[in-house]
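Number of protein chains: 2
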Amino acid sequence: MKNGFLSAGKTFILVVALFVSMKAPAQGSDLANGNAATDIVLPAAATAIFEEISPNASDPSLVLRATVLITGGWYEAAAPFHPTAVGVYSRLGRQPDQNSADNSPINTAILYASRGVLTYLFPTRSETWDDMLRNVGLDPELRTEDTTTPAGIGNAAARAVVEGRQNDGINADGTAGGRSFNPMPFADYTGYQPVNTAHQLVDPSRWQPDIQRKGAGIYRVQNFVTPQYRLVEPFSFEDAQAFSFPPPVASDVTKIDLYTTQAQEVLDASAALDDQMKLMAEFFDNKISSLGFSTVFSAKAANLSVFDYVASDFFSNVAAFDAGIVVWQEKHKYDAVRPFSAIRHVFAGETVTAFGGPGRGIVVDLPAEEWASYLEEADHPEYPSATACVCAAHAEFKRLFFQSDDINWSVPVAAGSSRIEPGLVPAKDMKLNFPTWTAFEQDCGQSRVWAGVHFQAAVDESLKICPVFGKQAYTFMEGLLAGTTPVRPPSTGR
Amino acid sequence: MKNGFLSAGKTFILVVALFVSMKAPAQGSDLANGNAATDIVLPAAATAIFEEISPNASDPSLVLRATVLITGGWYEAAAPFHPTAVGVYSRLGRQPDQNSADNSPINTAILYASRGVLTYLFPTRSETWDDMLRNVGLDPELRTEDTTTPAGIGNAAARAVVEGRQNDGINADGTAGGRSFNPMPFADYTGYQPVNTAHQLVDPSRWQPDIQRKGAGIYRVQNFVTPQYRLVEPFSFEDAQAFSFPPPVASDVTKIDLYTTQAQEVLDASAALDDQMKLMAEFFDNKISSLGFSTVFSAKAANLSVFDYVASDFFSNVAAFDAGIVVWQEKHKYDAVRPFSAIRHVFAGETVTAFGGPGRGIVVDLPAEEWASYLEEADHPEYPSATACVCAAHAEFKRLFFQSDDINWSVPVAAGSSRIEPGLVPAKDMKLNFPTWTAFEQDCGQSRVWAGVHFQAAVDESLKICPVFGKQAYTFMEGLLAGTTPVRPPSTGR
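So the protein lines, in turn, are chains A and B. As numbered in the working numbering, residues 1 to 494 make up the first sequence, in order. As numbered in the working numbering, residues 1 to 494 make up the second sequence, in order.
Check the hints yourself; a few may be wrong.
Because identical chains share one entry, a pair is satisfied inside a single copy or across any pair of copies.
Claimed, not checked - Below, computed lysine to any residue pairings styled on SDA-like, alpha-carbon distance capped at 25 Å:
id, residue 1, residue 2
1, K214, L424
2, K333, I211
3, K214, P55
4, K300, Q403
5, K214, F181
6, K333, Q200
7, K333, Y189
8, K214, N167
9, K214, Q166
10, K214, T119
No wet-lab data here; the hints were simulated from the structure.
Working from the sequences, and respecting the hints, build out all of it.
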């Protein structure tokens with residue numbers, strides 16, 4: 001009964017539960033009739049992402065690189081089972097016509113591909129990935145790349161994707177800049193430095209790292225996560241610099257009226273926070289619960305075949321991942337201030353009306369210095385909103401894929417299941433309702449203002465500009481499904 | 001068979017295992033014959049400390065405040081069962097002579113006291129603490145403070161300790177400075193700012209926060225943990241300023257010869273690292289495995305009564321906690337550079353011979369910029385060494401308490417159980433042997449140079465100066481056991 005509810009804290013338990021409870025009955029080990037990607041791989045992969053990458057799946061650059069590689073492995077392995085589709089990084093032949101009622105071959109290929117990609121992403125869990133095969137009667141020792149067999153297709157697909165992306169510019173192996181010892185995976189190699197420190201707002205227009213609490217009493221200072229994401233090779237377009245966002249004029253402190261109005265808007269949103277807004281903020285902060293689950297839900301609702309599901313998931317991830325590259329380019333360019341800094345700067349010494357923190361509700365005499373956003377800010381400059389942009393890219397891709405704006409998705413949320421205010425919020429069981437993809441992207445974007453982590457302009461510009469990345473991904477998919485796109489050489493960006 | 005071995009990663013599992021496997025057989029639920037403090041409370045409390053405060057129990061200010069309060073609750077509850085002892089913060093009467101073979105009354109008082117202190121320290125785990133009582137047949141609903149009953153003594157003891165220490169200057173409730181909203185527990189309220197950033201070593205004599213990796217690809221910048229610890233009320237002396245350390249002259253970059261020699265010493269130690277040194281470094285980094293276990297081991301070896309065990313543990317914690325206050329005062333005063341910064345500064349552009357990182361062994365062509373300490377540095381300036389100082393204070397207290405330097409403790413370490421080089425180090429099963437408390441403190445101190453996180457002077461001065469804190473704690477104990485120390489009013493430092 002509670003399986004489908006957002007549970008407090010242990011998000012990854014929720015993920016497993018939600019996947020299992022989705023519309024179609026779970027068909028975990030039924031390779032002939034089930035969907036191995038959603039039924040077997042996703043719950044295990046999501047657990048690894050939550051535990052090793054991002055506890056709330058709220059770091060888009062790291063989370064999306066993992067998900068685009070995992071789903072990329074699926075696509076690469078599934079392509080031979082389609083009449084015309086080709087992989088991005090491989091040509092694994094064409095499987096003869098098979099009884100399409102039997103999913104065993106495509107599922108087997110997907111499982112071996114998943115094992116390979118997941119072992120690359122999470123090498124310390126290699127036993128888990130081998131067990132994933134063993135549990136459904138497949139032999140993890142089978143290392144063949146014979147593309148006349150499903151296992152061989154899967155193994156070859158994994159190798160193609162890993163070799164294709166291992167030097168994609170994100171510095172996954174930590175050796176960027178010629179580093180030979182003590183590798184620093186995913187560390188910046190571009191030399192980014194914030195102009196402000198956590199202790200001093202030297203330039204109130206620019207990004208200031210915040211001091212965030214970890215556990216009972218450890219505080220750490222934020223560090224711009226993967227500034228080099230802007231240099232990563234995109235899937236669906238050549239050059240990220242072909243895209244840009246207008247400057248965030250109201251974040252320029254020399255335009256103090258605009259700057260003040262923009263800060264006040266965030267306080268006004270904070271003062272209007274209700275349970276619905278709080279849960280929306282938490283839901284969209286988690287890229288797996290929002291982007292990932294919407295893909296699974298819409299695929300099951302449309303009764304997609306395994307191949308079509310894989311395409312809908314991989315190319316959605318392409319849309320989001322490529323959107324993120326441009327967002328990072330613009331974040332790096334503008335290096336814009338977050339609301340917490342601007343509010344303290346503008347309203348120092350004054351009291352404001354706003355959310356007073358967990359369990360405190362809305363208060364009218366909050367010292368501005370003590371205001372905090374409902375969610376902690378992510379580790380990067382404010383403008384534009386990555387969350388709003390990837391939601392807009394994702395929604396546009398889905399509209400094109402399904403040729404419809406409808407989704408009719410209703411996400412149940414149990415009373416007291418908030419991550420921020422556990423036991424208190426929401427006051428009673430409720431639902432987050434998304435009748436259309438348009439509603440989904442609008443709520444997603446606006447939730448960043450409700451969360452107190454973005455100004456309105458960062459959301460508005462992302463919602464306006466980012467559908468283009470859904471279109472790019474859709475066009476990219478069309479070429480691959482038709483088999484007309486040439487095979488891509490491995491990235492060499494590091 | 002492997003119960004007593006240091007296990008990789010999940011340190012808290014080890015803790016539970018080590019406690020259970022210590023010399024005397026576990027007597028978990030036998031209140032009449034067992035020791036509730038070691039058998040029941042310690043494993044549960046250690047788990048909470050690892051999970052909520054410090055994953056490797058390597059943050060002394062936060063860890064020691066928790067342990068001194070927990071053991072302080074035991075002492076406050078145990079005092080009435082001694083012929084003359086009085087509590088620090090309470091006068092809970094004197095229990096009539098009892099059959100000393102029956103530990104039930106003192107164990108019961110200790111358990112109720114533990115529940116109270118642990119609920120204050122870890123309120124979200126209140127069910128765990130109530131279950132701790134329930135599991136041995138005690139009623140957690142019993143809230144009496146009737147000091148003619150063991151439960152009442154325990155409840156009153158907990159309240160006395162919590163009220164005594166809640167405003168001790170560490171900012172446990174996060175309201176220091178008059179903060180009313182979004183409290184920041186244990187956050188600095190003294191306005192400390194580092195002169196260097198993680199990106200720029202502006203002054204090579206001074207502390208530089210390092211950038212440390214969390215999970216797959218998140219990097220965070222260090223923040224001096226609890227600079228206000230220097231202002232916390234000590235137990236065993238009035239004024240921390242009565243103690244001081246000589247300046248760390250070799251950390252002054254204007255004395256470049258000394259500065260270079262000091263940096264080279266750390267590289268030499270790194271180049272000589274063997275399995276024994278690596279495991280010593282890991283062992284002493286963890287204040288629960290080193291300080292805590294040595295107390296339990298020595299108490300069981302000496303077959304101490306429950307009361308004497310409690311005294312040996314609480315006053316050891318007093319020695320370490322008070323030593324830490326002075327160490328923080330000096331760390332704050334000198335704000336001294338860590339080896340990683342100095343080595344990069346002095347040897348920039350050169351290669352050095354040193355440990356090359358996990359799995360790489362000793363290498364002769366290591367670019368100085370790529371050198372990393374075997375352990376990550378703790379979140380505070382370098383000089384003096386907190387670990388060496390608390391070990392020296394602890395060892396001196398034990399020598400006085402047992403009137404002997406002998407300990408004859410041998411800690412088994414399983415092959416491959418290193419936290420830093422799991423599966424590789426140590427190459428085979430080995431033991432860490434401590435024949436005497438002097439050997440214990442010497443290895444403890446030196447392990448900080450082996451770990452690459454301290455210069456030799458920080459260790460040498462700590463070993464020279466810090467036995468005084470063991471003496472202070474012993475004198476403090478003598479007054480309380482004799483019943484001559486007046487009751488102390490609650491701290492008012494915040």
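Hint check results:
no. : hint        : verdict
1   : K214 x L424 : within (22 Å within a copy, 30 Å between copies)
2   : K333 x I211 : both (23 Å within a copy, 23 Å between copies)
3   : K214 x P55  : both (12 Å within a copy, 11 Å between copies)
4   : K300 x Q403 : within (16 Å within a copy, 74 Å between copies)
5   : K214 x F181 : between (29 Å within a copy, 18 Å between copies)
6   : K333 x Q200 : both (21 Å within a copy, 21 Å between copies)
7   : K333 x Y189 : within (16 Å within a copy, 34 Å between copies)
8   : K214 x N167 : between (32 Å within a copy, 22 Å between copies)
9   : K214 x Q166 : between (31 Å within a copy, 21 Å between copies)
10  : K214 x T119 : between (29 Å within a copy, 20 Å between copies)
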